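As given, the protein sequences belong to chains A and B, one line each in that order.
Using the working numbering, the first residue of the first sequence is number 269, and each one after it goes up by one.
Using the working numbering, the first residue of the second sequence is number 9, and each one after it goes up by one.
You may find that some hints are simply not true.
Here are the simulated DSSO-like pairs of lysine-lysine, each with C-alpha atoms no more than 30 angstroms apart in a straight line [as the list claims (entries may be wrong)]: (1) A:Lys-406 / B:Lys-199; (2) A:Lys-342 / B:Lys-199; (3) B:Lys-10 / B:Lys-136; (4) B:Lys-192 / A:Lys-449; (5) B:Lys-10 / A:Lys-406; (6) B:Lys-101 / B:Lys-136; (7) B:Lys-192 / A:Lys-342; (8) A:Lys-496 / A:Lys-511; (9) A:Lys-449 / A:Lys-342; (10) A:Lys-496 / A:Lys-508; (11) A:Lys-406 / A:Lys-342; (12) B:Lys-217 / B:Lys-199; (13) B:Lys-192 / B:Lys-136; (14) A:Lys-449 / A:Lys-406.
Short derived list, chain B residues pointing at chain A, Cβ under 7 angstroms [stated by the list, open to error]: (15) Gly-90; (16) Gly-245; (17) Arg-249.
Since the hints were derived computationally from the structure, they do not count as laboratory data.
Just so you know, these numbers come straight off a predicted model, no measurement behind them.
Where a beta carbon is used, it is the ideal one built from N, C-alpha and C, also for glycine.
The chain contents come next:
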Amino acid sequence: MILVDQVTKYYGAHAAVRDLSFEIAEGQCAGFLGLNGAGKTTTLRLLSCLLLPTSGRITIRGIDAEAQPHEIRKFIGFLPDRPPVYNEMTVSEYLRFAGQLRQMDRGAIDRRLPEVFDVVGLHAVADAPISSLSHGYKQRVGIAQAIVHEPALLILDEPIQGLDPVQIVEMRALIRELRGKHTILLSTHILSEIRQTCDRVLMLHEGIIAAEGTEAELSGETRASVVKVIVRGDHATLNKALKDVETVDEVRIAENPSGDIIEAIVTAHEDARGEIARAIVGANLELLGLGEKQSDLEQVFLNLSRAGAGS
Amino acid sequence: MKAVWLLTRRELSAYVRTPSGYLIAAIALLLNALQFNAIAVGEGRRLSSEVLELFLFNGAFVIEAAAAIFSMRMLAEERSSGAQTLLFTSPIKEHEIVLGKYLAALIFLSVVIVLSGYLPALIFVNGKVSLGHIFAGYVGMVLLASAVLGIGMLASSFSPHPFIAVLLTAVIVSGLELSWFVAKITDPPLKTVIAWASPVWNHYQSFRKGLLQLSDVTYFVTLTYFTLLAAVRVLRGQRWR
């Protein structure tokens, strides 16, 4: 559905994204993950035909974005980082206006609005002025305007930004509900967001795609081994013993002031369980437990960010 | 045209729902009433037509100021609130956005202008003026409002904040008006060119006297057209850059 080929976008002399190339299939839910300033918003704005690429080509459903942005806008729903609402309008009026802007006729809007209210959970505030709504509800109104015309492509920029924990859970459920009905692109810097809502991850780092794939693929790609060890003994001795192991990259020791049992998470660039066990025993510490902790998305992200920073 | 009307209706609805629309209208009407009172019942005796001329002339400045203030609601406010993204990601053309917003402001301001019509009507109580004179004066006011709204739209199109849009419009309009005085100390042929730029001091003069001169109508229509056209270009550059 989406084909991005060697796309670069400069703001003055600064390249916000460089040589982006990826494909997104119809019906997929893809998440753009990256730190602040990684190029997520620029990528989504390029795909929403809000920004013109400095070089490269974007094709959506076979339509060239540079040549026919107007055609693409007909089947896009976009939620920017700030919901684009008019505070003086009521929710219903605003969604009618958004529908009419997307060339829906009054009959189609009348039929569609109850469905949108159901999906997004806006029935209770349908006649309330938008100015009176909480941030969470305004975010829902933002999503409602993006889906009111049943767009094939739904683009959500930081959809859970500024929401409280309850609203975050509700928003995740909402995005999961929208999967299958739309191709969804969303951006976030929150890892759990991607895991719980997307079936594909594109990790952006300093304007380039550092990695892409499913969570499982990315975990394999980094080849990181994360080992959890439990020992009885001295904190400093354990730290020194583990750091002496050549393959170990990072040691995180959990503070445990109440006793002498220490728990540590050890990250190594290959499977180092044998060496870690020997090092602990060699340091006269009592090894109580050792097991491989599956490399999670957070670890993948940290590894890739470090790799990017080191390059 | 459907999209233009859709935007016009939304904007008009915003004007009547927010205090700013009423506030601008109320202040404009109050100022017009005060200046009419000062002219009609102030010191000295005046002919009815003189009262009307003076009222129209001062009223033109009031409308000019009101139109300048409207520029904050045009594009800069939406940009500042983030609502512009809804328009920019919708299949609507830049000229439709500009026209929709311009028409809404012009309709609202025209209503304010018409509402002040009771003031010249009061002249009929103790005097006599021609309806044609009043009509010409009011047509001129609407044309003047149209041109200043065009300038406001252009200023609003590249201002990051509504207040800057108002300030910029005020500076441009004041500059055009001051050109009349600059012309007085300038030699021909530059004098004629500079004086030509002034909307009220030069081009509204015929309207206040009850005349509809093609050259003055052309001035206001041309100014409106080119400022709106420039605003469309600016908006296009911002939307797709």
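Hint check results:
1. Simply put, A:Lys-406 and B:Lys-199 have alpha-carbon atoms about 56 angstroms apart, too far for the 30 angstroms limit, and the pair is violated.
2. For the hint pairing A:Lys-342 with B:Lys-199, the CA-to-CA distance comes to about 53 angstroms; that exceeds 30 angstroms, so the pair is violated.
3. Distance check on the hinted pair: B:Lys-10 and B:Lys-136 sit about 44 angstroms apart at the alpha-carbon level, beyond 30 angstroms; violated.
4. Simply put, B:Lys-192 and A:Lys-449 have alpha-carbon atoms about 70 angstroms apart, too far for the 30 angstroms limit, and the pair is violated.
5. Annotation: proposed proximity of B:Lys-10 to A:Lys-406 holds, straight-line Cα distance about 28 angstroms (limit 30 angstroms).
6. Straight-line distance between C-alpha atoms of B:Lys-101 and B:Lys-136 comes to about 49 angstroms, which puts the hinted pair past the 30 angstroms bound.
7. With a C-alpha separation of about 56 angstroms, the suggested pair B:Lys-192 and A:Lys-342 falls outside the 30 angstroms cut-off, and the hint is violated.
8. Restraint check for A:Lys-496 and A:Lys-511: satisfied, since their Cα atoms lie roughly 14 angstroms apart, inside the 30 angstroms limit.
9. Proximity of A:Lys-449 to A:Lys-342 is assessed by CA-CA distance (about 16 angstroms); at most 30 angstroms being required, the pair is judged to hold.
10. With a C-alpha separation of about 16 angstroms, the suggested pairing of A:Lys-496 with A:Lys-508 holds against the 30 angstroms cut-off.
11. A distance of roughly 23 angstroms separates the Cα atoms of A:Lys-406 and A:Lys-342; the hinted pair therefore holds under the 30 angstroms criterion.
12. Between B:Lys-217 and B:Lys-199 the CA atoms are separated by roughly 23 angstroms; this keeps the pair inside 30 angstroms, and the hint holds.
13. Note on B:Lys-192 and B:Lys-136: the hinted pairing is violated, with a Cα-Cα distance of about 35 angstroms set against a maximum of 30 angstroms.
14. Of the supplied pair hints, the one linking A:Lys-449 and A:Lys-406 holds, its CA atoms being roughly 22 angstroms apart against a limit of 30 angstroms.
15. Below 7 angstroms, beta-carbon pairs count as interface contacts, and B:Gly-90 has one with chain A at about 4 angstroms; its hint therefore holds.
16. Residue-level restraint check for B:Gly-245 is violated (minimum Cβ-Cβ distance to chain A is 10 angstroms; threshold 7 angstroms).
17. Interface restraint check for B:Arg-249: the shortest CB-CB distance to chain A comes to about 6 angstroms, inside 7 angstroms, so the restraint holds.
Of the numbered hints stated above, those contradicted by the structure are hints 1, 2, 3, 4, 6, 7, 13 and 16, listed in ascending order.
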